[in-house]
Amino acid sequence: MTASPYSPTDYKTDLKPVWCPGCGDFAVLNSVYRALSDLHIEPHQTAIISGIGCSSRLPGYVETYGFNSLHGRALPLATGMKLAAPNLTVLAVGGDGDGLAIGGNHFMHAARRNVDIAYFMMDNEIYGLTKGQAAPTTPSGDKTKSTIYGNPEVSVDPCALAISLGASWVGRGFSGDVKGTTELMKLAISHHGFAFLNIISPCVTWRGDHQTKELRAKLAAIPADHDRADRTAALRFTSEPEHLMTTGVLYETQRPTLIDEMMEIRDKAIGQAPPPGREEILRVFAPAM
Amino acid sequence: MTASPYSPTDYKTDLKPVWCPGCGDFAVLNSVYRALSDLHIEPHQTAIISGIGCSSRLPGYVETYGFNSLHGRALPLATGMKLAAPNLTVLAVGGDGDGLAIGGNHFMHAARRNVDIAYFMMDNEIYGLTKGQAAPTTPSGDKTKSTIYGNPEVSVDPCALAISLGASWVGRGFSGDVKGTTELMKLAISHHGFAFLNIISPCVTWRGDHQTKELRAKLAAIPADHDRADRTAALRFTSEPEHLMTTGVLYETQRPTLIDEMMEIRDKAIGQAPPPGREEILRVFAPAM
Amino acid sequence: MHDLTFAFVGAGGDGAVTAGDIMAGVCASEGLHVIKTEAYGPQIRGGESSATVRVSSKPVYAQADAVDVLVVFSWADFARFQNEVLLATDAVIFHESADAPPDEMSSRTCHAVPFAALAREAGAPASKNVIAVGLLTARYGLPLELTRHAISRRFAKKEAAVIEANLRAFDRGVIQEETLPQTGKEQLEYTSSEPRLLMSGNEASAFAAIHAGCRFFAGYPITPSSEILHFLSEWLPKIGGSSLQTEDELAAIGAIIGASFAGVKSMTATSGPGLALMAELLGLSSIAEVPAVIVNVQRGGPSTGIPTKSEQSDLFHAVYASHGDTPRVVIACSDVESSFHATVDAFNMAEEYQVPVIVLSDQSIAQRRETINASVLQHEVRERRMATPDDLHEYRRYRDTPDGVSPMSVPGMSGGMYQTNGLEHDEQGRPNASFNVHEAMNAKRYRKLDAIAERYPLFDRFGAKRPEVGILCWGSSIGVVREAIAHMGVEDRVGVFAPIMISPLPTHDLQSFIDSCGSLLVVEVSYAAQFTQHLRTQVDLPRAKTTVHSRSGGKTLAASEVEAELRTLLTNVSLEVLA
Amino acid sequence: MHDLTFAFVGAGGDGAVTAGDIMAGVCASEGLHVIKTEAYGPQIRGGESSATVRVSSKPVYAQADAVDVLVVFSWADFARFQNEVLLATDAVIFHESADAPPDEMSSRTCHAVPFAALAREAGAPASKNVIAVGLLTARYGLPLELTRHAISRRFAKKEAAVIEANLRAFDRGVIQEETLPQTGKEQLEYTSSEPRLLMSGNEASAFAAIHAGCRFFAGYPITPSSEILHFLSEWLPKIGGSSLQTEDELAAIGAIIGASFAGVKSMTATSGPGLALMAELLGLSSIAEVPAVIVNVQRGGPSTGIPTKSEQSDLFHAVYASHGDTPRVVIACSDVESSFHATVDAFNMAEEYQVPVIVLSDQSIAQRRETINASVLQHEVRERRMATPDDLHEYRRYRDTPDGVSPMSVPGMSGGMYQTNGLEHDEQGRPNASFNVHEAMNAKRYRKLDAIAERYPLFDRFGAKRPEVGILCWGSSIGVVREAIAHMGVEDRVGVFAPIMISPLPTHDLQSFIDSCGSLLVVEVSYAAQFTQHLRTQVDLPRAKTTVHSRSGGKTLAASEVEAELRTLLTNVSLEVLA
Ligand SMILES: Cc1ncc(C[n+]2csc(CCOP(=O)(O)OP(=O)(O)O)c2C)c(N)n1
Ligand SMILES: Cc1ncc(C[n+]2csc(CCOP(=O)(O)OP(=O)(O)O)c2C)c(N)n1
Ligand code: SF4
Ligand code: SF4
Ligand SMILES: [Mg+2]
Ligand SMILES: [Mg+2]
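Protein chains in written order, with numbering that gives the first Met the number 0: chain A, 0 to 288; chain B, 0 to 288; chain C, 0 to 578; chain D, 0 to 578.
So that you can see chain A by itself, here it is in the shape it has in the complex:
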């Protein structure tokens, strides 16, 4: 690998993260710096879009174009950005609540459209910024500020969901494993299509240190012989209890992306012909005589 023109620290902004000491998101941020550096990503050719949440503050700390948008809306903005500037490297980042609760519908349709972006979900199984309410990822039975009798709902596995919704690349990482997460981010960014990376990133404040321990215990790397193209196998690694925290690349396939489709439509629309001028367009409105 040739030396990168940019070191990880070149991607640092001078803004101090607001995160709590010990928050898993610090490590995620480091992995982002490294992945961008390793991939020689041009800062000005890159945009990182997020929603709202602790995790969604990340774009403010990366010296590329960045947009910390609204709760749940990162993916629509990212989609528009990519369609407008297909050569841009577009990353979407955010929390589990941001992407699975209020943003669930956009997640579903971005995956289905195979938008050419990488989407990193920083999953702490809780609403961090709003001080500890249950998220769709919060394990059943857990007590939170909004579920003091125990969370009544079954929790979602973001990876299982992503595969079902049609994401063409799905992986899972653990923020504590910066090296591993960095590699997964590089694969996700390099993937041609919608790449979803679920990053387990503990919330020390609302889930306590025990969360990190518990999670670490559950973590297991996906077997080397796992066939990424095998959807059913991939789903098994997300649905069966013992596999809930399997890290690595779970699923990968190739199908036309939103940008491929856009190009094809332009081609069908005029092919090599010169674009229509004003007169040609106005002819539509001439009374049919």
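Be aware that one or more of the hints could be misleading.
With a Cα cut of at most 27 Å, we get these calculated DSS-like pairs of lysine-lysine [as the list claims (entries may be wrong)]:
{"id": "1", "chain 1": "A", "residue 1": "Lys267", "chain 2": "C", "residue 2": "Lys156"}
{"id": "2", "chain 1": "B", "residue 1": "Lys130", "chain 2": "C", "residue 2": "Lys157"}
{"id": "3", "chain 1": "B", "residue 1": "Lys142", "chain 2": "C", "residue 2": "Lys156"}
{"id": "4", "chain 1": "D", "residue 1": "Lys157", "chain 2": "A", "residue 2": "Lys130"}
{"id": "5", "chain 1": "A", "residue 1": "Lys185", "chain 2": "A", "residue 2": "Lys11"}
{"id": "6", "chain 1": "A", "residue 1": "Lys217", "chain 2": "A", "residue 2": "Lys130"}
{"id": "7", "chain 1": "C", "residue 1": "Lys156", "chain 2": "B", "residue 2": "Lys212"}
{"id": "8", "chain 1": "A", "residue 1": "Lys267", "chain 2": "C", "residue 2": "Lys237"}
{"id": "9", "chain 1": "B", "residue 1": "Lys212", "chain 2": "C", "residue 2": "Lys157"}
{"id": "10", "chain 1": "B", "residue 1": "Lys142", "chain 2": "C", "residue 2": "Lys237"}
{"id": "11", "chain 1": "C", "residue 1": "Lys157", "chain 2": "B", "residue 2": "Lys142"}
{"id": "12", "chain 1": "D", "residue 1": "Lys157", "chain 2": "B", "residue 2": "Lys267"}
{"id": "13", "chain 1": "A", "residue 1": "Lys212", "chain 2": "D", "residue 2": "Lys156"}
{"id": "14", "chain 1": "A", "residue 1": "Lys15", "chain 2": "C", "residue 2": "Lys443"}
{"id": "15", "chain 1": "D", "residue 1": "Lys156", "chain 2": "A", "residue 2": "Lys130"}
{"id": "16", "chain 1": "D", "residue 1": "Lys443", "chain 2": "B", "residue 2": "Lys15"}
{"id": "17", "chain 1": "B", "residue 1": "Lys267", "chain 2": "D", "residue 2": "Lys156"}
To be clear, the hints were calculated from the coordinates, so they are not data collected in a lab.
Given chain A, work out where chains B, C and D with the ligands should sit, using these hints.
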């Protein structure tokens, strides 16, 4: 089966359907009348909620409590209704666009929560009421008002999605088969939990009569030996091209419903103790001395 | 006759709308002025329908209050359009002879015509409407050959036999006309001139977007705005742009904010329910200062309301929605031509001032087809103020400037990187929760509106210089008011001030107009009088001398409504003069 | 001293907030009047924090402009709260002796206290804050035993050793106090009385919901309203109700509309961004006439804005959002007690008149804790007008009635079945697109607001009968205005009119107040002066004699701001009198 106190026609309102002659939704409406009658459903103990669309006009034609709400919002209203009045029979109905495009997020969370309702999606693979734009169910490549170069997106199979999202009962019917659809509706209504029934209901106006023919061709009843409890098998009947139009009960399981959870929470909260009075609640605010 | 309004009413399959299309097309290519509208019953499709075509040798500004020439294929269906199809006292009616007129028609000139039978004779049983077209073409002196040609063009895609049959039907109608009693004053007097285009307001907005340089559109279908989505999803790909049908309106405005952030002029189009859903993202565009154009075609509200009919009741939401102090621009369309200009202006303002701009149209102008000359579809196009190399040196995305506009960089510009957000932020875009920064940034963002009010004090002003009665109105009501004044011939006593900029309002000119009027009449189609209340926030509108004519939508505003108000007000004035 | 404001400032872990809690609790149980607020730095948690506790023997209406007694654990952190913690000129400061005061403090009374060292001595190194509490308790004459008790209660869950250590720390603080120079005027003069409750505005709204009979809550977390979700998800299940945390705010308001349709009193709570998302469903509640209560706790806007700070800038959205003519009610809270009453009134109006009601609170009152007597938490509860057997005979859900309210049936009532929708509809609820029905139904729905304005002309009116200067304000600004007037002692020259009903406004009383004032001062915390503009839509507010004090949020409105305006206006008045 003892004779029902209500004949199908007893459920008819005096409102004339606005549907186009030949619309598949007429047959769906008939199936609803029959299912309600066969199940001896008390009209005043029943509420039917819909979103917006041709199909969502259905509640206006059924003499129960009915609410033709907003585009995509049938499920939140239905969820609130059920939690407020657990003894009510609550049905949600609507179109494929209503439930999968703008309403997709509510679909995801209602299924996950296993809300005790039956949800009938009248699937015509198009936006009917707005005069023929592509829906998430429109087959790739099809030309519509909004996809004149052919639909670039891959279409969603609502049943596959429902199973992935956690619906505890999933079936598919064809509006043309009134008897079969009626039976499926009865099973869905009787199911304890979130029952999703996808009803193929042709749009003669924007998909043309050919749609009906094509669909009929693709239809196939699910093999009698299919194990409804087998999630993987069920998914096969929704994902593999040759099975895309398999009708019948595809999947069925039993797990705690939203109402079960609500009852359990109340139990954890006070069990058999008398409900707290004003003083007890205000004690929370007494300075800790 | 210089000005005639034809109407065709029938059941599904009678082809009323097609008949209207053909007549409108012929008149447009004769260079006449045409306004064509349609109406449908509740049934989604195949139900009763009506088409109304106003034709005039002089410019027209609204559809006429009443119909001069009516073709009725079925009286039962006619009855369903009481609000849409009103008859002039001297209206001439041609009705299916098999269907006898109801009693209330006894006093009227009714010609029974065996449309069905004649169509069968001609071997085109489905073409009762073509018989009618032939009959009217002959009777009202429209060019036979041209119309024949139009008919063959209309059925061009069908096989020859069908075309033949329809031409026979047309000729049969022409012959039939001779058998009907003449009244003498039938001929439409005009000298044919250059053909005109026929365009709807929605088409004008869509074309305007292309003219303005819009290359990305995202939208979710909704009546009565979907034609914009349809047009742009066909044409944008041809000119290197793209269009996306999103999963909902939240995604639609989200996508255009993303595309605009990336440097591409972008637009979405919707109607009330969709605009309601966009309220939060509107605020994001405003605080992050990302240009965005939102065309909102008003329909009957509240809620789902009356989706197919017009109303002027989204003004409140357009001007005041979204939490917090959220500067945005609202500009109105009053007819097809102004739909073009307003939309281009919207892009110009959005791009130059980095604000969200809402274009308020309504069903009555968005879906009616009007004649228009290509030559008027021209409008200056302005560009975003981009960051120069100088600006990029220690770049501050939100640098506070005299007019509040900060040069903008876009992805791809090296050295232009910035990280923005919907939080309050400092000049660099860094989140900042201090009062001083918040106050300064609010001031910066609102200062842009002052600059816009300066540069775009847009309004229509016509009629009397020092009006006895001054009319305040906006949007689609303007044309009706114009017709009313002309019809009464009171141009010298009545003056009109109609803001095109709804927010910020041209306050100064507006106030001096108000002060210059003897009495005032506000005309709007909103039960809650949204326009009147909005005006009061910015100008003093003396309650004593102001009459408010505001009512629900659901039927087109009629010139006669305005005339009635004017008659009262003008006599009062006269009386005062006497006293 | 009858009125003292204490403040504690420190880094994360210094326990500033805990110290404030303990002092507030002790004072409340002594029957004193207390207002406690907190402030935090940008860091999500573990960052700098401050707690301010105002204690008074007489009722207080807002937090004080300035701090009388300051405890500083770290000057660096103090510097971060310039906007939140302002010092009185004669403020007394107790600071960590290890951390020398900055120069600008040289002129002030600073007592160096080795908090850290003393805490270590006491064997409770983490309890610098308890040392401070002991010191202040002794110096300002608060009951030592009671405070000791409060401290052991505070650490009750910890093991005995910890409690012991903290009590030692407390006693150490008490002793330390004697070593510090006296100035004589330290003692807080009061006679202890019945303990009072300590409640926040959010808790008052949540408790009000239970009082009013609310048995279903649906909400999505958002600062600064989440405490309502937390409280109701704990208590509703205990009283046979239920609470649902939804996937977003669209689902939240959708769920309460569904629950309310089913006959159960229901509420949701949110802040600006969530309210923005609810705009469309607000319209559904309005046209389908399904009762709904929405508590909106305002924060800094626009967009995500400043989530943790207060502003009065959601008024526009609350009153005017949603497309079409959408009647709704908006009622304001001005402090903790009124948060209770406004919320119960909201349920009463929503249920009796079948309208959506928005309760506007803001961060400053929703999250501050105030003393309150249980006895004032009483308010009449009214019920929905249900359909009687007579009504059900040929039942028309939307029967047009004099006050616009149609008796409502709910699922379970046999013979009460109806099918409703968000479309315009007739008395039976059948979709109807005709103008006549639309106009009649708009009139019916708006007539309910007239009835409400009649029955609930709610406003605060105090001060001079015929004011030289009349102040118009609302919500959390009222308490500050009250303090300003009292502080200046101009009750006989200045009068205040503060609508509690924001929409519909108590127009008649409002206008006569305006007319009765020499000059007018509007006070509000909104850069765009939303309240002022809203008033203008309904009443005549002569621009010549009106001063508008409106500015962004981000820092608490200070009485001194109001006093400055009043001083100018009152002297002008005096001058005029002389002239
Ligand atoms: C429309 C809207 N609703 C609610 C909120 C409040 N809010 C901010 S972040 C958040 C959820 C945070 O959880 P997550 O997305 O998992 O991010 P985390 O803080 O855990 O990293 C919520 C509910 C908001 N900002 N906007
Ligand atoms: C918020 C909002 N956006 C858009 C619309 C316009 N609209 C009405 S129905 C519909 C889709 C209809 O398709 P579907 O849900 O499949 O129902 P169908 O008519 O096909 O039965 C749309 C986009 C609306 N009513 N509200
Ligand atoms: S609250 Fe949790 S997620 Fe948020 S910054 Fe703190 S540790 Fe991280
Ligand atoms: S448009 Fe299609 S779906 Fe709608 S009523 Fe007609 S046939 Fe049915
Ligand atoms: Mg989270
Ligand atoms: Mg459909």
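Outcome of the hint check:
1. Using a Cα cut-off of 27 Å, the hinted pair Lys267/A and Lys156/C holds, with the two alpha carbons roughly 22 Å apart.
2. Between the alpha carbons of Lys130/B and Lys157/C the distance comes to roughly 23 Å, so the proposed pair stays at or under 27 Å and holds.
3. At roughly 19 Å between alpha-carbon atoms, Lys142/B and Lys156/C fall within 27 Å of each other, so this suggested pair holds.
4. Note on Lys157/D and Lys130/A: the hinted pairing holds, with a Cα-Cα distance of about 23 Å set against a maximum of 27 Å.
5. Our distance criterion of 27 Å between C-alpha atoms is met by Lys185/A and Lys11/A, whose separation comes to about 18 Å.
6. Taking the CA atoms of Lys217/A and Lys130/A, the gap is near 25 Å; set against the 27 Å cutoff, the hint holds.
7. Between the alpha carbons of Lys156/C and Lys212/B the distance comes to roughly 25 Å, so the proposed pair stays at or under 27 Å and holds.
8. Note on Lys267/A and Lys237/C: the hinted pairing holds, with a Cα-Cα distance of about 9 Å set against a maximum of 27 Å.
9. Distance check on the hinted pair: Lys212/B and Lys157/C sit about 24 Å apart at the alpha-carbon level, within 27 Å; holds.
10. Distance restraint check for Lys142/B and Lys237/C: the Cα-Cα separation of roughly 17 Å lies within the 27 Å cut-off, and the hinted pair is therefore satisfied.
11. Restraint check for Lys157/C and Lys142/B: the C-alpha separation of about 21 Å stays at or below 27 Å, so the hint holds.
12. This hinted pair checks out: Lys157/D and Lys267/B have alpha carbons roughly 26 Å apart, not beyond 27 Å.
13. A hinted pair counts as satisfied when its Cα atoms are at most 27 Å apart, and Lys212/A with Lys156/D qualifies at roughly 25 Å.
14. A threshold of 27 Å between alpha carbons decides the hint, and for Lys15/A with Lys443/C the separation of about 26 Å falls inside it, so the pair holds.
15. Annotation: proposed proximity of Lys156/D to Lys130/A holds, straight-line Cα distance about 22 Å (limit 27 Å).
16. As the CA atoms of Lys443/D and Lys15/B are separated by approximately 26 Å, the hinted pair is consistent with the 27 Å bound.
17. Proximity of Lys267/B to Lys156/D is assessed by CA-CA distance (about 22 Å); at most 27 Å being required, the pair is judged to hold.
In the structure shown, no violation is registered for any of the earlier numbered hints.
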